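One-letter residues, chain by chain:
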Amino acid sequence: MSRVRKLVPGLALGLSLGLALGFLAWTFLGTPEQLGDRQSGLAMFWRVAPWGLLAGGLLSLAAARAAEVTGAVARGSALVYVSAFKALGVGWAPLLAVVAVSAAVLLAVRHRGRGNGSGTSTLLLHCMGCLSGLYLAFHAAAIVGAWPQFQAVLAALFALVSEAGSA
Amino acid sequence: MLLFLMVNALMFSAWWLLLSGRAGQVDGSPSAGEAVVYAGLLGAAQIVLTEIVLGAFMVLHKPLLVGLNLVIAAVVLGVWLRIRRRGVPRAVAPWREVFAADNVALLVLLVFVSTWMVVAAWLLPPRGIDDVYHLPPLYQYVRQGGISLLPLELRDQFALPFNGEFLFLWPLVFFHGDTWIDLVQYVVALYGAAVLYALGRAFQLARRESLFIALLLPFTPVVLGQSGSNYVDLIAAVTQLVLIYAAVRFWQTGRYVHLVLAGVATGFGLGVKLTVLITVVAVQPLIFLRLFRGRAWWSLIRAYGGYAAVAIPFCLYWPWRNFRATGNFLYPFDLGVAGLRRSADSNLVAQLGQRPGPKAISDFLREPGALVDYLFADPGLGSFHGGFGLVFWGLAVPALVFCGFRAVQSARRGDWLPLLFWAYVPVAFLIYFFQVKSARLIYNQRYILAVVPLGLLALGLALDWLRSRDRVAARWVRGVAVAASCGAVVQLAAYDWPGFRISAAVADRLRGEHTSEYRYLRQAPWGLTALSTAWDPLDFLTRQGPGWTVFIATDWSVFWTSPTFGSRLQNRVWNFESMPPPKPDAVIYYRREGRALFYIDAVITPEAVAASGDYGLVTVAPGTEFWVLNELLGDPATRARLMEFYRRRFAPEIRELRPLLAALPADAPVITSHPLGHALRYLSLEGALAAPVQLVPGGTELASARKLGDQDVVSVGLPLPGFDARPAASLPYAGATTTFYINRRPAL
Numbered sequence: 002m003s004r005v006r007k008l009v010p011g012l013a014l015g016l017s018l019g020l021a022l023g024f025l026a027w028t029f030l031g032t033p034e035q036l037g038d039r040q041s042g043l044a045m046f047w048r049v050a051p052w053g054l055l056a057g058g059l060l061s062l063a064a065a066r067a068a069e070v071t072g073a074v075a076r077g078s079a080l081v082y083v084s085a086f087k088a089l090g091v092g093w094a095p096l097l098a099v100v101a102v103s104a105a106v107l108l109a110v111r112h113r114g115r116g117n118g119s120g121t122s123t124l125l126l127h128c129m130g131c132l133s134g135l136y137l138a139f140h141a142a143a144i145v146g147a148w149p150q151f152q153a154v155l156a157a158l159f160a161l162v163s164e165a166g167s168a
Numbered sequence: 008m009l010l011f012l013m014v015n016a017l018m019f020s021a022w023w024l025l026l027s028g029r030a031g032q033v034d035g036s037p038s039a040g041e042a043v044v045y046a047g048l049l050g051a052a053q054i055v056l057t058e059i060v061l062g063a064f065m066v067l068h069k070p071l072l073v074g075l076n077l078v079i080a081a082v083v084l085g086v087w088l089r090i091r092r093r094g095v096p097r098a099v100a101p102w103r104e105v106f107a108a109d110n111v112a113l114l115v116l117l118v119f120v121s122t123w124m125v126v127a128a129w130l131l132p133p134r135g136i137d138d139v140y141h142l143p144p145l146y147q148y149v150r151q152g153g154i155s156l157l158p159l160e161l162r163d164q165f166a167l168p169f170n171g172e173f174l175f176l177w178p179l180v181f182f183h184g185d186t187w188i189d190l191v192q193y194v195v196a197l198y199g200a201a202v203l204y205a206l207g208r209a210f211q212l213a214r215r216e217s218l219f220i221a222l223l224l225p226f227t228p229v230v231l232g233q234s235g236s237n238y239v240d241l242i243a244a245v246t247q248l249v250l251i252y253a254a255v256r257f258w259q260t261g262r263y264v265h266l267v268l269a270g271v272a273t274g275f276g277l278g279v280k281l282t283v284l285i286t287v288v289a290v291q292p293l294i295f296l297r298l299f300r301g302r303a304w305w306s307l308i309r310a311y312g313g314y315a316a317v318a319i320p321f322c323l324y325w326p327w328r329n330f331r332a333t334g335n336f337l338y339p340f341d342l343g344v345a346g347l348r349r350s351a352d353s354n355l356v357a358q359l360g361q362r363p364g365p366k367a368i369s370d371f372l373r374e375p376g377a378l379v380d381y382l383f384a385d386p387g388l389g390s391f392h393g394g395f396g397l398v399f400w401g402l403a404v405p406a407l408v409f410c411g412f413r414a415v416q417s418a419r420r421g422d423w424l425p426l427l428f429w430a431y432v433p434v435a436f437l438i439y440f441f442q443v444k445s446a447r448l449i450y451n452q453r454y455i456l457a458v459v460p461l462g463l464l465a466l467g468l469a470l471d472w473l474r475s476r477d478r479v480a481a482r483w484v485r486g487v488a489v490a491a492s493c494g495a496v497v498q499l500a501a502y503d504w505p506g507f508r509i510s511a512a513v514a515d516r517l518r519g520e521h522t523s524e525y526r527y528l529r530q531a532p533w534g535l536t537a538l539s540t541a542w543d544p545l546d547f548l549t550r551q552g553p554g555w556t557v558f559i560a561t562d563w564s565v566f567w568t569s570p571t572f573g574s575r576l577q578n579r580v581w582n583f584e585s586m587p588p589p590k591p592d593a594v595i596y597y598r599r600e601g602r603a604l605f606y607i608d609a610v611i612t613p614e615a616v617a618a619s620g621d622y623g624l625v626t627v628a629p630g631t632e633f634w635v636l637n638e639l640l641g642d643p644a645t646r647a648r649l650m651e652f653y654r655r656r657f658a659p660e661i662r663e664l665r666p667l668l669a670a671l672p673a674d675a676p677v678i679t680s681h682p683l684g685h686a687l688r689y690l691s692l693e694g695a696l697a698a699p700v701q702l703v704p705g706g707t708e709l710a711s712a713r714k715l716g717d718q719d720v721v722s723v724g725l726p727l728p729g730f731d732a733r734p735a736a737s738l739p740y741a742g743a744t745t746t747f748y749i750n751r752r753p754a755l
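Heads up: the sequence lines are chains A and B, in that order. Start counting at 1 in the first sequence, then tack on 1, and there's your number in my numbering. Start counting at 1 in the second sequence, then tack on 7, and there's your number in my numbering.
No wet-lab data here; the hints were simulated from the structure. Do not rely on the hints blindly, as some may be mistaken.
[Stated by the list, open to error] Now the in silico label distances, taken between C-beta atoms and shown as ranges:
#, chain 1, residue 1, chain 2, residue 2, range
1, A, SER167, B, GLY620, 45 to 53 Å
2, A, ALA56, B, CYS493, 30 to 38 Å
3, B, TRP423, A, GLU69, 43 to 51 Å
4, A, VAL162, B, PRO70, 34 to 42 Å
5, A, TRP47, B, ARG300, 43 to 51 Å
6, B, TRP423, A, VAL70, 51 to 59 Å
7, B, ARG575, A, ALA143, 33 to 41 Å
8, A, GLU34, B, ARG331, 57 to 65 Å
Computed from a prediction, not measured in an experiment: that's the story for all the values here. C-beta atoms are modelled at their ideal positions from N, C-alpha and C, and glycine is treated no differently.
The whole structure should be built from the sequences, with the hints applied where relevant.
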């Protein structure tokens with residue numbers, strides 16, 4: 002039982018890295034149209050994500066002795082999910098994510114051991130990030146599409162307030 | 008309005024004062040927040056119960072209703088004055104305890120959304136498809152001063168429990184108008200946020216975190232959509248949340264006050280919507296196991312009996328009424344081992360048949376991948392039907408899994424509350440998938456809205472845990488939640504069911520061209536757009552005066568009636584009256600391609616109305632006709648009002664047409680069903696156009712022209728077949744050129 006417990010943080014970090022790698026690969030490989038469409042986007046994610054999980058698992062096994070570094074890398078890589086913005090046509094979002102992750106990882110490695118979370122907290126963060134990233138990719142277009150109508154609402158409210166003020 | 012707010016403030020604060028001195032205690036001190044939760048429940052239950060009692064005795068009138076509620080409030084205050092021990096308890100937590108940038112951001116967003124909601128309720132009509140069954144009975148109850156059963160052959164849903172709708176009845180009776188009823192569910196959403204805050208505190212969540220999750224609730228897409236509608240799913244969900252809260256507090260404290268209030272929530276909830284039954288069953292282990300702890304059997308039975316006895320008065324009336332009317336307590340449902348099913352004699356089944364298709368559960372078992380698709384599809388998003396949003400599916404779902412694991416760990420340590428509590432979420436989803444067909448998921452997600460606040464609570468607990476391990480990550484997650492809430496508010500502007508787009512209404516008001524709120528039903532879906540061309544003038548013409556009795560006929564599925572009552576409930580629906588006058592004052596038809604008109608009892612066909620010569624067509628649009636008795640149209644005041652309506656409603660068309668009038672002959676009447684006909688009619692009534700203008704139903708121009716003999720006739724848009732037609736003028740209109748033809752009967 003205790004051996005299993007010892008394995009849990011490493012497993013959680015491996016899963017976290019795997020999710021991040023899978024998600025990043027998904028956004029690099031897909032076109033904005035593919036990523037934004039739920040049917041094709043999900044199908045593609047299912048194809049790419051296992052490879053990411055495999056790579057994440059191998060990486061965490063290889064770095065098993067440097068658990069603190071692995072933890073910092075896994076934690077920093079949670080920023081990878083901003084690459085979901087590629088679905089909105091922001092083509093450089095995955096590259097931006099890579100830069101942000103690199104910076105976060107460097108910072109995290111330098112400050113490792115100071116409130117950098119545990120395996121479980123990192124996994125929780127990645128699960129939230131991955132689900133949110135996917136949801137965002139599939140629905141952000143609808144939010145952006147509503148922007149002109151929202152502006153019209155803002156203008157109407159402003160006109161009403163101005164009228165009330167001048168009356 | 009001020010009086011309404013004061014009466015409400017008095018009623019709810021009376022309960023709050025009483026409860027905050029007597030209710031459960033947290034850490035030995037009175038919990039003012041807890042009293043807010045229960046005061047909300049008792050205040051709402053009081054309103055509904057008094058309405059039912061007065062309605063059942065056919066004395067549902069404003070003075071009596073308000074007076075009775077004020078008397079009850081006075082009694083409650085009197086009891087509080089007798090038993091109070093300390094001063095008024097502190098209700099608000101110190102600001103610094105809840106201050107955080109994200110909480111401030113959400114509060115600012117809340118102020119903005121509240122302003123938007125108030126303006127939308129003020130300027131726009133009830134505009135979802137609230138009319139399906141939620142509103143017409145209420146309008147009829149106000150008109151006749153009591154509760155009855157509207158014709159079940161129209162909608163069997165008229166026989167559903169109406170506790171939730173009776174919260175809409177409160178402002179409806181008070182103002183004798185429908186303006187503010189759209190705000191009721193939004194107030195309930197804010198109250199739901201307060202309940203969630205209290206639930207967070209019951210789970211030892213910090214005030215800051217509790218406020219954060221509470222503020223997220225109103226920005227859930229389905230909550231935003233429901234907030235502007237007169238559906239009751241939000242009311243049902245918040246009632247379920249109160250029930251869960253009371254059950255949890257009873258488990259934690261063992262105090263009977265929580266059990267009693269759980270009883271009130273149970274009864275009230277079952278009277279709102281039968282789906283509340285899921286939650287009622289789900290909280291029974293919490294109640295029963297807590298009662299079982301350290302009590303004798305007799306004491307247990309007595310306490311449980313007390314809980315049930317408290318619940319019954321709040322939900323008894325509706326099944327009793329249905330039993331008397333139909334012989335079935337649960338009409339239009341039957342309760343069996345497979346859950347609730349529509350009765351075979353249900354009118355909905357008769358009209359639509361049993362809807363085919365597999366249940367969602369069987370689809371998910373056959374293809375588990377469909378469950379992931381369901382998650383990301385977020386069924387119903389963009390309407391009041393559903394849309395749990397990014398915060399739920401992206402952040403709260405992992406948090407729920409996390410809380411589930413921790414609940415199992417707690418159970419192994421002997422603490423069963425978390426497991427019993429969190430089990431509700433998967434069980435609710437399971438029952439929902441078991442009951443609902445896959446094709447209906449996009450319409451019915453609202454049935455399990457109660458899982459959203461529980462998801463947010465899980466998120467709060469997970470964030471609390473995460474913050475102690477990784478402060479930066481917790482801050483990021485909170486930031487994502489705030490950003491997602493902003494996104495949900497932006498998306499609200501694109502909703503159709505119901506619409507929140509206020510720009511047209513504001514512009515009309517500022518230009519002085521406002522006619523009636525029903526004009527903006529043109530932004531609504533499914534038949535409401537077309538019918539708005541009849542309801543808009545009807546409301547405008549009748550708002551001053553005693554109102555008219557109006558006959559309506561459409562096809563069954565869009566047989567909407569509530570706007571016919573008018574925004575001040577000034578009219579009566581001829582079809583709903585037990586002894587209507589022989590001739591309706593006005594008649595509305597809406598015909599859709601290939602659909603037959605549906606009649607309740609009496610049949611008055613459009614052809615009969617047109618042929619009678621008793622009625623004049625006031626407005627006409629594709630499929631829609633609005634006829635008014637010529638006798639009424641001859642009244643100078645009505646005529647002036649009609650002119651004013653045309654002037655406001657068709658102001659741009661009137662401006663465009665004025666320069667063309669010289670081209671139209673003075674002795675040739677205009678016969679048309681074209682939209683420009685309304686502007687011409689105004690110009691004729693004003694005297695600027697010498698010829699009379701006769702509006703006719705679409706496709707009957709030729710028949711009407713033939714009745715005039717050899718006289719020349721002006722037609723709009725198309726020449727009359729069989730006549731010698733020559734163009735007299737043309738005008739760019741609605742993206743095309745509209746030509747006016749002078750039609751002369753050919754010499755024989």
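Results for each hint:
Distance hint check for SER167 (chain A) and GLY620 (chain B): the Cβ-Cβ separation is about 51 Å, which falls inside the suggested range of 45 to 53 Å. At roughly 35 Å, the beta-carbon separation of ALA56 (chain A) and CYS493 (chain B) lies within the given 30 to 38 Å, and the hint holds. A hinted range of 43 to 51 Å is violated for the C-beta pair TRP423 (chain B) and GLU69 (chain A), which are about 38 Å apart. In this structure, VAL162 (chain A) and PRO70 (chain B) meet the distance hint of 34 to 42 Å, their C-beta atoms being roughly 36 Å apart.
The hinted range of 43 to 51 Å is satisfied by TRP47 (chain A) and ARG300 (chain B), whose Cβ atoms lie roughly 48 Å apart. For TRP423 (chain B) and VAL70 (chain A), the hinted distance range of 51 to 59 Å is not satisfied, since their beta carbons lie about 41 Å from each other. About 37 Å separates the C-beta atoms of ARG575 (chain B) and ALA143 (chain A), a value consistent with the hinted range of 33 to 41 Å. As the Cβ distance of GLU34 (chain A) to ARG331 (chain B) is approximately 59 Å, the hint placing it in 57 to 65 Å holds.
Violated hints for the displayed structure, listed by number in ascending order: 3 and 6.
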